[in-house]
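**Student:** Residue strings, one per chain:
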Amino acid sequence: MAASEASRKSDTSIFNSLAFRGVVYQVLLGAGVVLLGWYLYYNTNANLERQGIATGFDFLGERAGFSIGESLIPFDSANSYGRALVVGIFNTLYVAAFGIVLATILGVFVGIARVSTNWLISKLASGYVEVCRNVPVVLHVIFWASVIRMLPPPREALAPFAGVFITNRGVIYPIPVESPVYPWVGAALVAGIVLATLFARWASRRREQTGQHVPSFLPGLGIILGLPLLAWLAGGAPIDWSVPALRGFNFQGGASLTPEFVGLLVGITVYTGAFIAEIVRAGIQSVPHGQIEAARAVGLRPGLVMRLVILPQALRVIVPPTTSQYLSLTKNSSLGVLIGYPDLVNIGNTTLNQTGQALEAIAIMMTVYLIISLTISLFMNVYNRLVAIRER
Amino acid sequence: MSVQAVAETPESAEPVIRLVDVNKWYGEFQALKDINLTIARGERVVVCGPSGSGKSTMIRCINRLEQHQRGSIVVDGIELTDNLKNIEAIRSEVGMVFQSFNLFPHLRVIDNLTLAPMWVRKMPKKDAEEAAMEYLRRVRIPEQAYKFPGQLSGGQQQRVAIARALCMQPKIMLFDEPTSALDPEMIKEVLDVMIELAESGMTMIVVTHEMGFAKTVADTMVFMDAGEIVEIAPPKVFFETPKSDRTKLFLSQILTH
Amino acid sequence: MAEMLARTGDDSPPMERTAFVHKSSEPPPIEKIGALRWMRQNLFSSPFNSALSLVTLGLVVYWGAGFIKWGILDAVWYTPDHEVCRAAAGACWAVIAEKHRPMLFGVYPYAEHWRLIIALVVYLSTVTATLTPYCWKRSILIPLWTVSLAVTGVMLWGGVFGLTYVDSAQWGGLPLTMVLFTGTVVIGFPIAILLALGRRSQLPAVKAVSVTLIESMRGVPLITILFVAVNVFPLFLPEGLEIDKMLRVVVGMAIFFACYQAEVIRGGLQAIPRGQYEAAEALGLGYWRMMVKIILPQALRICLPGIVNHIIAALKNTSFVLIIGLFDILTATTAVMQDPLWRRFFVEAYLFVAAVYFIFCFALSKYSQRVEQWLNEGRRF
Numbered sequence: 037m038a039a040s041e042a043s044r045k046s047d048t049s050i051f052n053s054l055a056f057r058g059v060v061y062q063v064l065l066g067a068g069v070v071l072l073g074w075y076l077y078y079n080t081n082a083n084l085e086r087q088g089i090a091t092g093f094d095f096l097g098e099r100a101g102f103s104i105g106e107s108l109i110p111f112d113s114a115n116s117y118g119r120a121l122v123v124g125i126f127n128t129l130y131v132a133a134f135g136i137v138l139a140t141i142l143g144v145f146v147g148i149a150r151v152s153t154n155w156l157i158s159k160l161a162s163g164y165v166e167v168c169r170n171v172p173v174v175l176h177v178i179f180w181a182s183v184i185r186m187l188p189p190p191r192e193a194l195a196p197f198a199g200v201f202i203t204n205r206g207v208i209y210p211i212p213v214e215s216p217v218y219p220w221v222g223a224a225l226v227a228g229i230v231l232a233t234l235f236a237r238w239a240s241r242r243r244e245q246t247g248q249h250v251p252s253f254l255p256g257l258g259i260i261l262g263l264p265l266l267a268w269l270a271g272g273a274p275i276d277w278s279v280p281a282l283r284g285f286n287f288q289g290g291a292s293l294t295p296e297f298v299g300l301l302v303g304i305t306v307y308t309g310a311f312i313a314e315i316v317r318a319g320i321q322s323v324p325h326g327q328i329e330a331a332r333a334v335g336l337r338p339g340l341v342m343r344l345v346i347l348p349q350a351l352r353v354i355v356p357p358t359t360s361q362y363l364s365l366t367k368n369s370s371l372g373v374l375i376g377y378p379d380l381v382n383i384g385n386t387t388l389n390q391t392g393q394a395l396e397a398i399a400i401m402m403t404v405y406l407i408i409s410l411t412i413s414l415f416m417n418v419y420n421r422l423v424a425i426r427e428r
Numbered sequence: 152m153s154v155q156a157v158a159e160t161p162e163s164a165e166p167v168i169r170l171v172d173v174n175k176w177y178g179e180f181q182a183l184k185d186i187n188l189t190i191a192r193g194e195r196v197v198v199c200g201p202s203g204s205g206k207s208t209m210i211r212c213i214n215r216l217e218q219h220q221r222g223s224i225v226v227d228g229i230e231l232t233d234n235l236k237n238i239e240a241i242r243s244e245v246g247m248v249f250q251s252f253n254l255f256p257h258l259r260v261i262d263n264l265t266l267a268p269m270w271v272r273k274m275p276k277k278d279a280e281e282a283a284m285e286y287l288r289r290v291r292i293p294e295q296a297y298k299f300p301g302q303l304s305g306g307q308q309q310r311v312a313i314a315r316a317l318c319m320q321p322k323i324m325l326f327d328e329p330t331s332a333l334d335p336e337m338i339k340e341v342l343d344v345m346i347e348l349a350e351s352g353m354t355m356i357v358v359t360h361e362m363g364f365a366k367t368v369a370d371t372m373v374f375m376d377a378g379e380i381v382e383i384a385p386p387k388v389f390f391e392t393p394k395s396d397r398t399k400l401f402l403s404q405i406l407t408h
Numbered sequence: 119m120a121e122m123l124a125r126t127g128d129d130s131p132p133m134e135r136t137a138f139v140h141k142s143s144e145p146p147p148i149e150k151i152g153a154l155r156w157m158r159q160n161l162f163s164s165p166f167n168s169a170l171s172l173v174t175l176g177l178v179v180y181w182g183a184g185f186i187k188w189g190i191l192d193a194v195w196y197t198p199d200h201e202v203c204r205a206a207a208g209a210c211w212a213v214i215a216e217k218h219r220p221m222l223f224g225v226y227p228y229a230e231h232w233r234l235i236i237a238l239v240v241y242l243s244t245v246t247a248t249l250t251p252y253c254w255k256r257s258i259l260i261p262l263w264t265v266s267l268a269v270t271g272v273m274l275w276g277g278v279f280g281l282t283y284v285d286s287a288q289w290g291g292l293p294l295t296m297v298l299f300t301g302t303v304v305i306g307f308p309i310a311i312l313l314a315l316g317r318r319s320q321l322p323a324v325k326a327v328s329v330t331l332i333e334s335m336r337g338v339p340l341i342t343i344l345f346v347a348v349n350v351f352p353l354f355l356p357e358g359l360e361i362d363k364m365l366r367v368v369v370g371m372a373i374f375f376a377c378y379q380a381e382v383i384r385g386g387l388q389a390i391p392r393g394q395y396e397a398a399e400a401l402g403l404g405y406w407r408m409m410v411k412i413i414l415p416q417a418l419r420i421c422l423p424g425i426v427n428h429i430i431a432a433l434k435n436t437s438f439v440l441i442i443g444l445f446d447i448l449t450a451t452t453a454v455m456q457d458p459l460w461r462r463f464f465v466e467a468y469l470f471v472a473a474v475y476f477i478f479c480f481a482l483s484k485y486s487q488r489v490e491q492w493l494n495e496g497r498r499f
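Residue numbers (the numbering used here), protein chains in the order written: chain S, 37 to 428; chain L, 152 to 408; chain R, 119 to 499.
Quick caveat, the hints were computed from the structure, so don't treat them as lab data.
Under the rule of at most 35 Å between Cα atoms (straight-line distance), these lysine-lysine pairs were calculated in the DSBU-like manner:
| hint | chain 1 | residue 1 | chain 2 | residue 2 |
| --- | --- | --- | --- | --- |
| 1 | R | K141 | L | K322 |
| 2 | L | K366 | R | K141 |
| 3 | R | K141 | L | K387 |
| 4 | L | K276 | L | K322 |
| 5 | L | K399 | L | K184 |
| 6 | S | K159 | R | K434 |
| 7 | S | K159 | R | K484 |
| 8 | L | K387 | L | K339 |
| 9 | R | K411 | R | K434 |
| 10 | R | K217 | R | K363 |
| 11 | L | K276 | L | K236 |
| 12 | L | K277 | L | K298 |
| 13 | L | K366 | L | K387 |
| 14 | L | K322 | L | K273 |
| 15 | L | K236 | S | K159 |
| 16 | L | K322 | L | K277 |
| 17 | L | K339 | L | K276 |
| 18 | S | K159 | R | K187 |
| 19 | L | K298 | L | K322 |
| 20 | R | K484 | R | K217 |
| 21 | L | K399 | L | K366 |
| 22 | L | K399 | R | K141 |
| 23 | R | K434 | R | K217 |
| 24 | L | K322 | L | K236 |
| 25 | L | K394 | R | K141 |
| 26 | R | K434 | R | K484 |
| 27 | L | K184 | L | K339 |
| 28 | L | K184 | R | K141 |
| 29 | R | K255 | R | K484 |
| 30 | L | K387 | L | K322 |
Label-pair restraints from in silico Cβ distances:
| hint | chain 1 | residue 1 | chain 2 | residue 2 | range |
| --- | --- | --- | --- | --- | --- |
| 31 | R | E490 | S | Y61 | 35 to 43 Å |
| 32 | R | V272 | S | G88 | 36 to 44 Å |
| 33 | L | S202 | S | V59 | 54 to 62 Å |
| 34 | S | S49 | R | W254 | 36 to 44 Å |
| 35 | R | W254 | L | R272 | 53 to 61 Å |
| 36 | S | I412 | R | Q416 | 31 to 39 Å |
| 37 | R | F480 | S | I412 | 26 to 34 Å |
| 38 | R | S334 | S | Q87 | 20 to 28 Å |
From a predicted model like this one, the values you see are computed outputs, not experimental measurements. Idealized CB from N, CA, C, for every residue including glycine.
Let the hints inform the model, and build the full structure from the sequences given.
**Tutor:** What follows is the structure, encoded as C-alpha cells:
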C-alpha cells in the first residue's frame, strides 16, 4: 500500500519526546517547590516581624524558668531551654524503652495465647486484642491517667505487696540502700551472662562433635542468677532496704514512679501490646503447615519443632512489623503532653508557649523524632538483609 | 557409613505394616471405610485412585499425621495409638516424602538433611554430614549441599526431600504424590531415584498417578475410591484384567494419554 | 475393549466383570462428638492445659462476677441527682444519660441537635452504602455523595431554609469526629495515590519529592503535625489571610494519612505484574490513562485490606485533636467530666466513648476481613 509520505513522516518534534517531557515536568516541579518555599519564607519572615517574635536558636541558651516534674539528669529552673529539651528527649526514650520491653512481653504472650489449642485462653486473648486495638491510644492514655489520679491518697494507699504502695502520687516501692557490695553484684551479673553464653556455646559445640546433648538453658539461667547471689552473700549479705513508710501526708524512703509515668506507660503498652500480639499470631500462622508435618514426620519432638523450624521462619515475618510498632510506640509517647509527663513534646510545647518561637521548637521536636525513626529503620533494614531467605 | 541393609525377599512371611478395619472421619464425613491392608517387608505398593478417594489420608494415618478413629494400624510390631512413645518409635522407622517437598527454607540443604539425625538420633555433626553427603550422592545432587532450597529446581528439591527422609534410615518409605507438583521435565529424575530406591529393597508405599512407574516397580497395586479399597492385585493382573468395573473405568480414564 | 475382555494374563478362569458396590457411609462413633469431647479437646487436652483452663476459668468467674455486680446489678441507670450515684456501690451509667448530649454533640446549640442527628443518619447511611460492592458504580456513588454532602452541610451549618446558622467553631462531638474523619480520608486519598505514583516514578525529582515527604511524615508523631497546623501554618500565610482552624487541622491530618496510605498503595502497585504495564503501553495508552483505567483499579483491589486498616487508624487519630482543643467526641467528654459533681464517674463516661469508637472501628475491621474473603474467593467487583 503506497504510503502517503506527508502523513507518515515521523514526528521528530522535541516537544513530544518522552525524555524532554520528563525533564520539563521535573523542572516545573523543582521551580514550583522553590517558588512555594520562597513564598512561605517571605510570608513567615513578614509575620514574625510583625508579631515581634524572635527567630533563631539563641533561645536555647536562655534561662528556662520552669521546673520539670521528673528527669533523669539534674534540672532546675535556672537551667537553659536547651537542657530542658535534652531532659525531654531522655524522658521520651526512657518511657519508650520500658514501653517497648513490656509491650513485647505482653504481645508475645497474648499472640501465643491466641493460637493456643485451649479455647478459653484463645478467646480471651482475642477479646483483649479486639478491644484494645479498636480504641484510640489517646483514650487509653487518658483513661489510665484518670484511674491513677483517682487512686487513694497516700494515707489510704493500696498495698498489693509488702512495701509496694499504689497511690495517686504514684507507685512507691522499696529499693536497696546504697552499699559498696552492689557494684560487685552488678559485675557478677555481667560475668554471669558472659559465662552462661560461653557455656551455651561450648554445649552446642559438644553436641556437634559428639552428638551428646548437654542441657544449657537451665544451667545457664542458674549461672546468671547464682553468681550475683554469691557476690551478694560474699559481701556480707546486706539486707538494708529503704522501705517506704508513711510520714505525715506522704511516704518517705523507697523510690517512686510518678503517676504520669505510670499512666502513660500502661496506656501505650496495653495499646501497642495488642498490635504486637496480632503480628506474633500472624507470624506463627504464616509458617506453612507442611513444615510442621515434615518436621514431625522426621521425628522431631514438638519443642524442637518450635525451636528449629517454626520460630526461625516465624521471626522473619514478625520482626519487621514489630519494629514499626516500636516506632509507633515511641511516637505515641508524645501523648505525655496530655497528662503532664515531661516528654519532649510536652517540654517543647512549654518552650513554645514561653518563647513564642513555635517554628524553632517544632522543628527541633520533629528533627529528633525523625532521627529516632530513621535509626530504627536502618537497623531493621540491616536485620532484613541478614536473615532474608535466599531464593534463586 | 553403609547406606541400606540388603533387602529381604519380598512376600516374606512377616508383614511390616498391617491395617485392620481402619476407619476415619473428618467431622461427619467418612474418609476411610474399613481399610484392610497388609504390606510385607520389602514390598513395593502403589496406591492409585481418583481425587478424594482417601489415598493420602490412608498413608498419612500410617505415621500419625492423621488420626484414625476405628480399627488398628500396626507398624513393625508397634501399634499406632495415642501413646507418644509409640508414635515417636514409628516415626523414626517411617520416612515420608510430600507432594510439596516441605523442605526447611531457612536451612541449607545439608542442614535440612542433618537436622533430624543430630537432634533425634543424637549423632555428632561430622558423622551426620558424612551420611548426608552419601545420600546426596545417591540422589545425584551432591554439589547442591550448601545451597538453600529456594535456589534449587523442583526436581532437585524433591530429591533433597527423599534424601532427607533416607537420612533417618527408615525401614519404610511413604510417598504422597511425589511428582504431582513437578514440571513434566523434572518428573523423570525423581522417578529414577525412586526406582533405584525400590531396587535396593526398601519397603515403599507410593501414592501416584505415574502408571509407568507403577508397572516398572510395583509388587502390588491398590486402587481406592470413595474411602474404600476397591481392588488389590499385582500390576500385571491389575492393568490387564482388573476385577472391578470401577477399576476398569479409572484405568480407561488414566491410561488414554 | 473386547480384546481386554478376552485376554487373561494368568491361569485363572475368565473373570466376570463385577460391578463394585460401594459401602454406605457410617456416622462417626458417637462418643467422639459432642460437648464432652469438645471440652476434652479444647480445654483439657493435656495436664498443663487443664490446669491453665481451671485457673483461667476461676479468674474469669471471679472478675466476671465482680464486673456484673458493679456494672449491672448494683448500677444506677438513670437519675439526675448525683448524690444517688455517689451513694450507690455500682456503676453510675446515669452520668451518660445525664451528659450524653454534650458528650455527643459538644457545644452545638441545644435546640438544633435534631439537625445533627439527621446529618449523622444521612452520613452513616451513605458510608454504609459506599462500602457495599453493589454501589460501586460511578452512576450511584457520585450522586449519592453529592446529595449527602449537601444535606449534611446544610444540616450542620444552617443559614438556609430557615435554619439558624451555626459557625463551624461550635461544631463538636460525634459530628465533628465524622467531619474530621471524612475530610481526612477524602482529601488524603487522592494525595496518597499521587504520592504512591510519584514514589514509583522514573523521574528522579518527582521520586525525591515523594520519598522525602512520605518518610518525613511517617517519622514524626501526629501531634507535631497538629502543632504545625495550628501554630506554624498561620505564619506561612500572607497578612490578612486566615484559614479556619478546623480546615488546617483536616489538611494536616489528611497529608499525614496520605503518607501512610501511599505506602500501602505502593505495595499494591508493586504487586501488579510488569506485563500489565507493558500491555497497556503496547496499546498506546498514555501514562495517566493507563494508571486510571488499568493499573490503579487492580492495585487498589489488591491492597484493599491494608487501605481499610489505615482508614480505621484515621478514625482513631481524630481523637488527637484533644491536644489542640477541637471538641471531638473525646475532647467533649473530657471537658464534660470536669463537672465537679460528676467527675468521679469518669470510668463510665470513658467506657461509653470507648464503646462508640469500638463499634465503628470493629465494624470497619470486620468489613476489612470480609473484603479479604471476597478477594480470596476471586470475586469480581
